[in-house]
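Throw the hints in and build the complete structure from the sequences for me.
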Amino acid sequence: QITLKESGPTLVKPTQTLTLTCTFSGFSLSTGGVGVGWIRQPPGKALEWLALIYWDDDKRYNPSLKSRLTITKDTSKNQVVLTMTNMDLVDTATYYCAHWNAMTTEDYWGQGTLVTVSS
Amino acid sequence: DIQMTQSPSTLSASLGDRVTITCRASQSINSWLAWYQQKPGKAPKLLIYKASSLESGVPSRFSGSGSGTEFTLTISSLQPDDFATYYCQQYDTYRTFGQGTKVEIK
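Going line by line, the protein sequences match chains A and B. Under the working numbering, the first residue of the first sequence carries the number 168, and numbering increases by one thereafter. Under the working numbering, the first residue of the second sequence carries the number 2, and numbering increases by one thereafter.
Hints are supplied without guarantee of correctness; some may be wrong.
Claimed, not checked - Per label pair, the in silico range of CB-to-CB distance:
no., chain 1, residue 1, chain 2, residue 2, range
1, B, 41, A, 283, 35 to 43 angstroms
2, B, 69, A, 197, 30 to 38 angstroms
3, A, 180, B, 15, 22 to 30 angstroms
4, B, 43, A, 269, 22 to 30 angstroms
5, A, 174, B, 8, 16 to 24 angstroms
6, B, 16, A, 252, 46 to 54 angstroms
7, A, 192, B, 54, 21 to 29 angstroms
8, B, 55, A, 195, 39 to 47 angstroms
9, B, 18, A, 269, 29 to 37 angstroms
Stated by the list, open to error - Once the Cα atoms are required to be at most 30 angstroms apart in a straight line, the calculated DSSO-like pairs of lysine-lysine come out as:
no., chain 1, residue 1, chain 2, residue 2
10, A, 233, B, 46
11, B, 103, B, 46
12, A, 226, B, 51
13, A, 212, A, 172
14, B, 107, A, 172
What the hints assert, rightly or not - Output of the computed footprint for chain A on chain B, the stretches with three or more beta carbons under 8 angstroms from beta carbons of chain A:
no., region
15, 64-77
16, 92-101
Hint data in this document are derived by calculation from the structure and do not stem from the laboratory. We treat Cβ as the ideally placed atom computed from N, Cα and C, and that holds for glycine.
In structure tokens:
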């Protein structure tokens, strides 16, 4: 059974760096054809894809946010970490991590974590 | 960047109705399209991948079609559990989501 859970601060100040951790079980990020991605959703708005890391450590970023994002994995801990620099009020959103597999796409999602940016 | 445009933004329908949602891509994405269902306060749920493949466990009343730039999600007979917001997602180049279609009770 695949499960994912996001963790991190619920409140950050403008200009600060956000660090979110996705802790997962039921799969290994060392297995071929597997990845973990991050997606966010501002309150009442649509989903926005952020980043994806593959089993071979290849990484993809949303071009609009690439300069602010870093995604890394710790295979031994079954964790993926996303950092986003220079947080702004408009970055207030629920942040989700999701399991990706080459046969489908993002198929299993975490419950999400709400991050509020406020001074 | 590939833009995804869904229509309509809101859809009012009754139980048993046949419902169709359209998603258009700003350039060809072949069949690299997924459909998700999202309920308030919950994570999205994958319904369809590769434009027309039904995810395991998803009821057969859901179906997807299309290729290139135009795609549709069809619910053949709307059930109470289907009132939700639906998103399309392209995964040909990076990923982009549509703006969502809210299916409401008429």
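These are the hints, each one checked on the structure:
Between residue 41 of chain B and residue 283 of chain A the Cβ separation comes to about 18 angstroms, which falls outside the hinted range of 35 to 43 angstroms. At roughly 36 angstroms, the beta carbons of residue 69 of chain B and residue 197 of chain A sit within the given window of 30 to 38 angstroms. For residue 180 of chain A and residue 15 of chain B, the hinted distance range of 22 to 30 angstroms is not satisfied, since their beta carbons lie about 48 angstroms from each other. For residue 43 of chain B and residue 269 of chain A, the Cβ-Cβ distance of about 26 angstroms falls inside the hinted range of 22 to 30 angstroms, so the restraint holds.
Between residue 174 of chain A and residue 8 of chain B the CB atoms are about 37 angstroms apart, so this pair departs from the stated range of 16 to 24 angstroms. One distance hint, 46 to 54 angstroms for the beta-carbon pair residue 16 of chain B and residue 252 of chain A, holds here, with the actual separation near 48 angstroms. One distance hint, 21 to 29 angstroms for the beta-carbon pair residue 192 of chain A and residue 54 of chain B, holds here, with the actual separation near 26 angstroms. Distance hint for residue 55 of chain B and residue 195 of chain A: a CB-CB separation of about 27 angstroms, inconsistent with the stated range 39 to 47 angstroms.
Checked against the given bound of 29 to 37 angstroms, the beta carbons of residue 18 of chain B and residue 269 of chain A, roughly 36 angstroms apart, stay inside it. About 26 angstroms separates the Cα atoms of residue 233 of chain A and residue 46 of chain B, which keeps this hinted pair within 30 angstroms; it holds. The straight-line distance between the Cα atoms of residue 103 of chain B and residue 46 of chain B is roughly 15 angstroms, inside the 30 angstroms bound, and the hint therefore holds. Between the alpha carbons of residue 226 of chain A and residue 51 of chain B the distance comes to roughly 22 angstroms, so the proposed pair stays at or under 30 angstroms and holds.
Distance restraint check for residue 212 of chain A and residue 172 of chain A: the Cα-Cα separation of roughly 22 angstroms lies within the 30 angstroms cut-off, and the hinted pair is therefore satisfied. About 36 angstroms separates the Cα atoms of residue 107 of chain B and residue 172 of chain A, which puts this hinted pair outside 30 angstroms; it is violated. Coverage of the region 64-77 of chain B by chain A is violated in this model, with 0 residues showing a Cβ closer than 8 angstroms to a Cβ of that chain against a need of three. Figure legend: the region 92-101 of chain B, annotated as covered by chain A; annotation consistent (8 residues with Cβ-Cβ distances under 8 angstroms, at least 3 required).
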